[in-house]
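*Asks:* Here's the letter readout for the chains.
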Amino acid sequence: MTVSVTPTVKWVAQCYDHNEKHEHVSLYLLEEGDDVVLVDSGSFYHREKITSEIEVATDGSGLDAIILSHSDYPHAGNVRSLGGDTKGIELVASSGSPEQQGLPDARKCSIGDRLNVKGRTLSFIDPPLADRSHTTWIYDHSDGVLFTADGFGNYHEPNQCGFISSDFDEMIPAEEIYEYHRDNLVWLRYVDPEKIEKALDSIFTEFTINAVAPVHGNPITGKDVDVYLSRLYETLSRIAAEYDVG
Amino acid sequence: MNREIAPGIHWIYEAGSDRTEQFELAERKPDWYESGREAYVPQCAYLVEGDNETLLFDTLSPASTDQILDAIDELVGTRGLDYLVVSHPDVPHAGNTYAILEEHSETTLVAPAYGNDHELYKLDESLQVAEGDSIDLGNRVAEFHEATFLDAPVSVWMTEQKTETLFPVDWMGFPHLDEESLLFVDELDGTFDASRLVEFHGRVLFWYQYVDVEKTNAEIDNLIEKFDPEIIAPAHGLVIRENASEYMELMKDVTQTIDNQGRIGTLG
Ligand SMILES: [Zn+2]
Ligand SMILES: [Zn+2]
Chain P
1 MTVSVTPTVK
11 WVAQCYDHNE
21 KHEHVSLYLL
31 EEGDDVVLVD
41 SGSFYHREKI
51 TSEIEVATDG
61 SGLDAIILSH
71 SDYPHAGNVR
81 SLGGDTKGIE
91 LVASSGSPEQ
101 QGLPDARKCS
111 IGDRLNVKGR
121 TLSFIDPPLA
131 DRSHTTWIYD
141 HSDGVLFTAD
151 GFGNYHEPNQ
161 CGFISSDFDE
171 MIPAEEIYEY
181 HRDNLVWLRY
191 VDPEKIEKAL
201 DSIFTEFTIN
211 AVAPVHGNPI
221 TGKDVDVYLS
231 RLYETLSRIA
241 AEYDVG
Chain R
1001 MNREIAPGIH
1011 WIYEAGSDRT
1021 EQFELAERKP
1031 DWYESGREAY
1041 VPQCAYLVEG
1051 DNETLLFDTL
1061 SPASTDQILD
1071 AIDELVGTRG
1081 LDYLVVSHPD
1091 VPHAGNTYAI
1101 LEEHSETTLV
1111 APAYGNDHEL
1121 YKLDESLQVA
1131 EGDSIDLGNR
1141 VAEFHEATFL
1151 DAPVSVWMTE
1161 QKTETLFPVD
1171 WMGFPHLDEE
1181 SLLFVDELDG
1191 TFDASRLVEF
1201 HGRVLFWYQY
1211 VDVEKTNAEI
1221 DNLIEKFDPE
1231 IIAPAHGLVI
1241 RENASEYMEL
1251 MKDVTQTIDN
1261 QGRIGTLG
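Top line first, the protein sequences correspond to chains P and R.
So in the working numbering, spot 182 of the first sequence is number 182, and the numbers just go up one at a time.
So in the working numbering, spot 235 of the second sequence is number 1235, and the numbers just go up one at a time.
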């Protein structure tokens, strides 16, 4: 299912079924004139659906570039099948060891840098919430969208697969935000929540963020971003408080 | 390149690329670095031979598929590889899993029981292990542990009881200079400089910049008490086989240093 997040950013929503709850394993399309840039490539698990969604979204003309937040399999699972190592489709990745990550031909983007990809200006940001050293968050200057990879996720009910944050009755539930981060960013048990809040605040101050686009959650738009942030801060405090080193 | 650490435990080593430029070592001049030298952060896999069965811990990166396949042939020969343990499904650790399983139909894939999306890593049909689980190889036992300091949620640590070796995966890695490949830490010239550990953890454990230092260091004390190892065999460093717990103690200074100075950069 493809849902518009901002005028030129589309969400290709894909779900993994954890019995009662779903977890998104999504990707995003940036449309720049006739060019289409993919942010992350999803899991091999959804390959057929992703391939046909992209076929439709590009009117059959295919992608022009793929940017990876990191090389983790559920994010980088379709790089080759979508043509990410061919001459016509540029591959951009953050890894400092592309050969060890299985992406020897990628153009490197470094955290702190700004790159132009197919006419789109993108900034690469040190992610306060991630599951790999070389993960980068990606900020799209055109539409003000922050792509947060493994941060800002949530589980959802089977009828909420294509919801953006404003489709929920009272925004994305705090409990779903908490359970996602507890299960997936296990290291949060050791953090001082204030240090992460400070890092997030500085990102949200530096960049004008109209929408947050996670891979493992529903996109968060407009004023919902502030509500999400306050629920996320509660989550961080709760995870840290619940883990007792003894 | 391989080296036997203790009878029946083999260290399989992949250097990766020279990090001098990526780490800006000539300009930054960290204490551990000697100017003009090359510097490496290796990928290591370990092969454990028991009287009855054999076990490989991690696979090296996809840049070294032939190397790991050759090392398995050389080390287990006609005995075959009974278990392949994937510490976590990160490309540089697990990238040759399917190449190995294709060559070795006799091998049982072993994966961490932690995390909840094994299917997305094609690990759903593996033998899944968590704290308290073990595999008896004959005269020696591999025991599994929750990975304390990790990146991916699907992660596991291992110990080998006979030699009291701890395999802490992404924890306790560090860079080394050219000509130090496959040396034990006690064979290095001079004293071991803790800034090596800072260089690695300030990159790979990106979240160390946000920790509660007191809480994290209390956890390190717990680990020292729990494992008190004779040997530490990290995935991204040289093997420590003397005074191993003292190096775990050093990790408390590393936490404090990264808290003071912030993240150094990336690796991955
Ligand atoms: Zn992910
Ligand atoms: Zn769903």
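None of these hints come from the bench; they were simulated from the model.
Don't take every hint at face value.
Said to hold, decoys possible - Calculated pairs, PhoX-like style, for lysine-lysine (alpha carbon to alpha carbon, straight line, at most 25 Å):
{"#": "1", "chain 1": "P", "residue 1": "K49", "chain 2": "P", "residue 2": "K21"}
{"#": "2", "chain 1": "R", "residue 1": "K1252", "chain 2": "P", "residue 2": "K195"}
{"#": "3", "chain 1": "P", "residue 1": "K49", "chain 2": "R", "residue 2": "K1226"}
{"#": "4", "chain 1": "P", "residue 1": "K108", "chain 2": "P", "residue 2": "K87"}
{"#": "5", "chain 1": "R", "residue 1": "K1226", "chain 2": "R", "residue 2": "K1215"}
{"#": "6", "chain 1": "P", "residue 1": "K108", "chain 2": "P", "residue 2": "K118"}
{"#": "7", "chain 1": "R", "residue 1": "K1122", "chain 2": "P", "residue 2": "K198"}
{"#": "8", "chain 1": "R", "residue 1": "K1215", "chain 2": "P", "residue 2": "K198"}
{"#": "9", "chain 1": "P", "residue 1": "K21", "chain 2": "R", "residue 2": "K1122"}
What the hints assert, rightly or not - Cβ-to-Cβ under 8 Å is the rule here; a few derived chain R residues that face chain P:
{"#": "10", "residue": "G1050"}
{"#": "11", "residue": "E1053"}
{"#": "12", "residue": "N1222"}
{"#": "13", "residue": "L1223"}
{"#": "14", "residue": "E1225"}
Quick reminder that beta carbons are idealized off the backbone N, C-alpha and C, glycines included.
*Asks:* Run every hint past the structure and note whether it holds.
*Replies:* Outcome of the hint check:
| no. | hint | result |
| --- | --- | --- |
| 1 | P/K49 <-> P/K21 | holds (20 Å) |
| 2 | R/K1252 <-> P/K195 | holds (19 Å) |
| 3 | P/K49 <-> R/K1226 | violated (47 Å) |
| 4 | P/K108 <-> P/K87 | holds (16 Å) |
| 5 | R/K1226 <-> R/K1215 | holds (16 Å) |
| 6 | P/K108 <-> P/K118 | holds (15 Å) |
| 7 | R/K1122 <-> P/K198 | violated (37 Å) |
| 8 | R/K1215 <-> P/K198 | holds (19 Å) |
| 9 | P/K21 <-> R/K1122 | holds (20 Å) |
| 10 | G1050 | violated (30 Å) |
| 11 | E1053 | violated (28 Å) |
| 12 | N1222 | holds (7 Å) |
| 13 | L1223 | violated (11 Å) |
| 14 | E1225 | violated (11 Å) |
Hint violations for this structure: numbers 3, 7, 10, 11, 13 and 14, all remaining hints satisfied.
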